[in-house]
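Take the given structure of chain A and dock chain B to it, following the hints.
Protein chains: 2
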Amino acid sequence: RYFHFCKLPGRVMGIRLLRFTSVVIIVLLLVAGALTALLPNIKDDKMPNLKREPKIQSQSAVDSFTLIMQTYNRTDLLLKLLNHYQAIPHLHKVIVVWNNIGEKIPEEMWNSLGPHPVPVVFKVQTVNRMRNRLQNFPELETKAVLMMDDDTLVSAHDLAFAFSVWQQFPEHIVGFVPRKHISTPSGVYSYGSFELQNPGFGNGDQYSMVLIGAAFFHSGYLEDFQRQPEAVYALVDETQNCDDIAMNFLVAKHTGKPSGVFVKPVDIRNLEKDTNSGYSGMWHRAEHLLQRSYCVNKLVKIYDGMPLKYSNIMISQFGFPNYANHKNKM
Amino acid sequence: RYFHFCKLPGRVMGIRLLRFTSVVIIVLLLVAGALTALLPNIKDDKMPNLKREPKIQSQSAVDSFTLIMQTYNRTDLLLKLLNHYQAIPHLHKVIVVWNNIGEKIPEEMWNSLGPHPVPVVFKVQTVNRMRNRLQNFPELETKAVLMMDDDTLVSAHDLAFAFSVWQQFPEHIVGFVPRKHISTPSGVYSYGSFELQNPGFGNGDQYSMVLIGAAFFHSGYLEDFQRQPEAVYALVDETQNCDDIAMNFLVAKHTGKPSGVFVKPVDIRNLEKDTNSGYSGMWHRAEHLLQRSYCVNKLVKIYDGMPLKYSNIMISQFGFPNYANHKNKM
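Residue numbers (full-length UniProt numbering), protein chains in the order written: chain A, 1 to 330; chain B, 1 to 330.
For reference, chain A alone in the conformation it holds in the complex (with noise of 0.2 Å):
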C-alpha cells in the first residue's frame, strides 16, 4: 500500500531530475559557447575583415590566384596580355573589366582563337570609373587577387615569385611599383617616387604605398572597399584617380602596418606604345601627380590622420637571374 504512496515522491524525483538535466546542459552549452568564443582565429587576424567566412573554394582555387584587369580603349593591348597571362602558373581565371561604355567585348573573337586554359569573363560596366575593378566580383573565386593595369607586362616568373611571396605576407599589397608621401613643415603631405627624397631617411629610400596597378592583394580587400566613406569613392570619381592610394590607406588601416610590401621585378614593362589606338594613360595628364598629392591629403582628412607607414624593406629571388645575384665581396 505505501509503494501507491511512495509513487508520488518517485514521479516528483524524476521531474526534478529532468529539470536539473535540462539546466545542467543549458550550462554546459552556455560555458562551452562562452569559451570558444574566446578562441582566436590566428588566421583571421591578419585576414581582412569579411574574410572570417571564407567562400567555399575549389581546390584548384586553394594555391592559385585570379587576375583582375581594367580595360579601357585598347583593346589590341588587352588581347595581347589575355595571351600572355594565360600562361602563367597558378592563375586560377582571368577577369576582365570591360570600361568601354557601349562597345561590344570580343568576346567572339577570344573564343574563336581558344581552347584557352584559364577561363576569362568579360565583365561590361555601364559607367567609365577608375574604380569599377575594385567591386567584390562574384566570379573572384580565390583569397589572391592579382590586379594588373591593362598597359603593363610582367614577366611570368616575376608573377610566380611575387605569389609565393604574398603567401607568406598575405595581409600586404605585394607589388612591384612603390611610391611614397612625404610631410612637408607646413603639414601638407607630398605624393611621389624615388625622385622625391625625405632628408630624415638617412641613407637609402623608402616607401609607404604599392601601387595595385602591378600587384597581388587578398580579396578580403575588395569587399572591405565597398564599407568606405562616401566621400573615398566621391573623391576617386572626380579625379578619376588615386583608387590605389585609396587602396593603401585601407589596408595600412588595416594593418596597422606598411601596407605595401615591394618586389624587385626582374622585367616589367610599358606596352603602351604598343597600341594602336594611340591613347596613352592618365598617368600622362599635367595634373596627375598634382591630383595623387591632393588625394594623400583628402584622404588624411577623410580618414582623420595618416595611416601610412613607410619600409624599406626590398625582396628579391635568391639566385634569380642569376645564381651569383646574392654573392657578395666576401
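Hints may be right or wrong, so weigh each one.
A partial selection of chain A residues facing chain B, derived with a Cβ cut-off under 10 Å [said to hold, decoys possible]:
no., residue
1, Phe137
2, Gln168
3, Pro170
4, Asn325
Which chain B residues face chain A? A few, computed with CB under 10 Å, are given here [unchecked claim]:
no., residue
5, Thr126
6, Met130
7, Arg131
8, Ile182
9, Gln197
10, Gly200
11, Asn203
12, Lys264
13, Tyr279
14, Ser311
15, Asn325
16, His326
The set of hints was computed from the structure by calculation and includes no laboratory data. Beta carbons are placed, not taken as given, at the ideal position from N, Cα and C, and that holds for glycine.
This is chain B only, laid out in the frame that chain A set:
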C-alpha cells in the same frame, strides 16, 4: 506511518541528486579545462620558449642588441673588430667569449685606450669549445643578439638595416650567410652553398640555413639551446663544428618555418689574412664541409626528422647603396 517509509526514498533521492551534481561539476570542469587548453597565445607562439617571461630590461635594452663574439688565437683582429663595433648604432653591450684558455684577456689595454661608448665584457672560458658562444650569458639584457665570428667584418650600415629587418622577423635568424641542404636519391643529405644546386628548385636558388657567424637572432634561442639532447652537444664537441647548423635545426623546429631570413650584405669582409697569428679558421680544414654534411645527417637522426625548410627570399635595403637600386626596365 507511510511517511516513515517514504523518508527512505526521499533520502535516496537526496543522495542521487548529490552524486548527480558532483558528476555535473566534474564534467563542467573538464569541458572548461579542455577548451581553455585550446587557447593559443599568438605572441608566445612566435617567440622562443623561455622568453615567455622576458627579463626586466633597461630602457636602452629594448631597442638595442648585444654583440656576442667568440675569439680564439686572433687577439689582434679581435681588438680591431672591437674598435669597429664600438660605433654601431643600437649596440647595447659586447660579450667576448674568450677561448684562449690560460691566456690573459686584453682588458687592461682595452680600458687604457678608453673611454669606449659600449661596454665590453670578457667571458673567460675553461675549455676551448665551439659551443661556448651559445651559453645563456647572465650579462645578456637584450632580446636581440648579434653573433659574429672573430674574423668577419660587416659594415655598420648593413648591421643597422639587418637589425631593423630582425625586428620585423624576431623568430628567425636574420643574417648575411645563407647555406642549404640537399637530399640525395639515397636519402643521405648533403650540405653546401650556391655551388650546390637542386634540379627541383627550377629557376633560381634556395637556402635552408642562415649561419650564426654573422646574424641576428632572439636571445631566447640561447636558452632553448641549453635544453637540447645530449647527443647534439656531443656532436658539436666531437667535430668542433656545426653549432650553427644545430641552431638552424632548433629554430626551424620551433617555428615550423624556414629558420633564416637572408639579408644581402652590401659590405661584408673576411679579415682572416690580416691576423699576425697566421691562424686560419677551422673552415679551411679539409674535412670541414664533409663534417657539416655529416652533422646534418646526424641531427636528422637525433631530432628524428628534417625540420629545415627552404626559402628563396632575399632582402635588400630599398634605395641603398644607390637610390636607383630598385629601378627597373619599365
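Structure-based check of all given hints:
1. Interface restraint check: Phe137(A) against chain B, minimum CB-CB distance 28 Å, threshold 10 Å, status violated.
2. Contact between Gln168(A) and chain B, as hinted, is supported at the beta carbon level, the nearest pair being about 7 Å apart and thus within 10 Å.
3. Among the interface hints, the one on Pro170(A) is violated; its C-beta lies about 14 Å from the nearest C-beta in chain B, farther than the 10 Å criterion.
4. The criterion of a C-beta within 10 Å of any C-beta in chain B is met by Asn325(A), whose closest approach is roughly 8 Å, and the hint holds.
5. Violation of the interface hint for Thr126(B) is found here, the shortest Cβ-Cβ separation to chain A being roughly 33 Å, above the 10 Å cut-off.
6. About 21 Å separates the beta-carbon of Met130(B) from the nearest beta-carbon of chain A, more than 10 Å, and the hint is not met.
7. Annotation: Arg131(B) was flagged as interfacial toward chain A, and the flag is violated, the nearest CB pair being 24 Å apart, outside 10 Å.
8. The beta carbon of Ile182(B) is not positioned within 10 Å of any beta carbon in chain A (closest approach about 14 Å), and the interface hint is therefore violated.
9. Below 10 Å, beta-carbon pairs count as interface contacts, and Gln197(B) has one with chain A at about 7 Å; its hint therefore holds.
10. For Gly200(B), the shortest C-beta to C-beta distance to chain A is roughly 13 Å, which exceeds 10 Å, and the interface hint is violated.
11. With 10 Å as the threshold, the beta carbon of Asn203(B) comes within range of chain A, its nearest partner Cβ sitting at about 6 Å, so the hint holds.
12. Restraint check, Lys264(B) versus chain A: the minimum CB separation of about 6 Å is within 10 Å; hint holds.
13. With its C-beta approaching chain A no nearer than about 19 Å, Tyr279(B) sits outside the 10 Å limit, and its interface hint is violated.
14. At a threshold of 10 Å, the smallest CB-CB gap from Ser311(B) to chain A is about 7 Å, leaving the interface hint in force.
15. Annotation: Asn325(B) was flagged as interfacial toward chain A, and the flag holds, the nearest CB pair being 8 Å apart, inside 10 Å.
16. The restraint placing His326(B) at the interface with chain A holds, with a minimum CB-CB distance near 6 Å, inside the 10 Å limit.
Against the hints set out earlier in the document, violations occur for numbers 1, 3, 5, 6, 7, 8, 10, 13.
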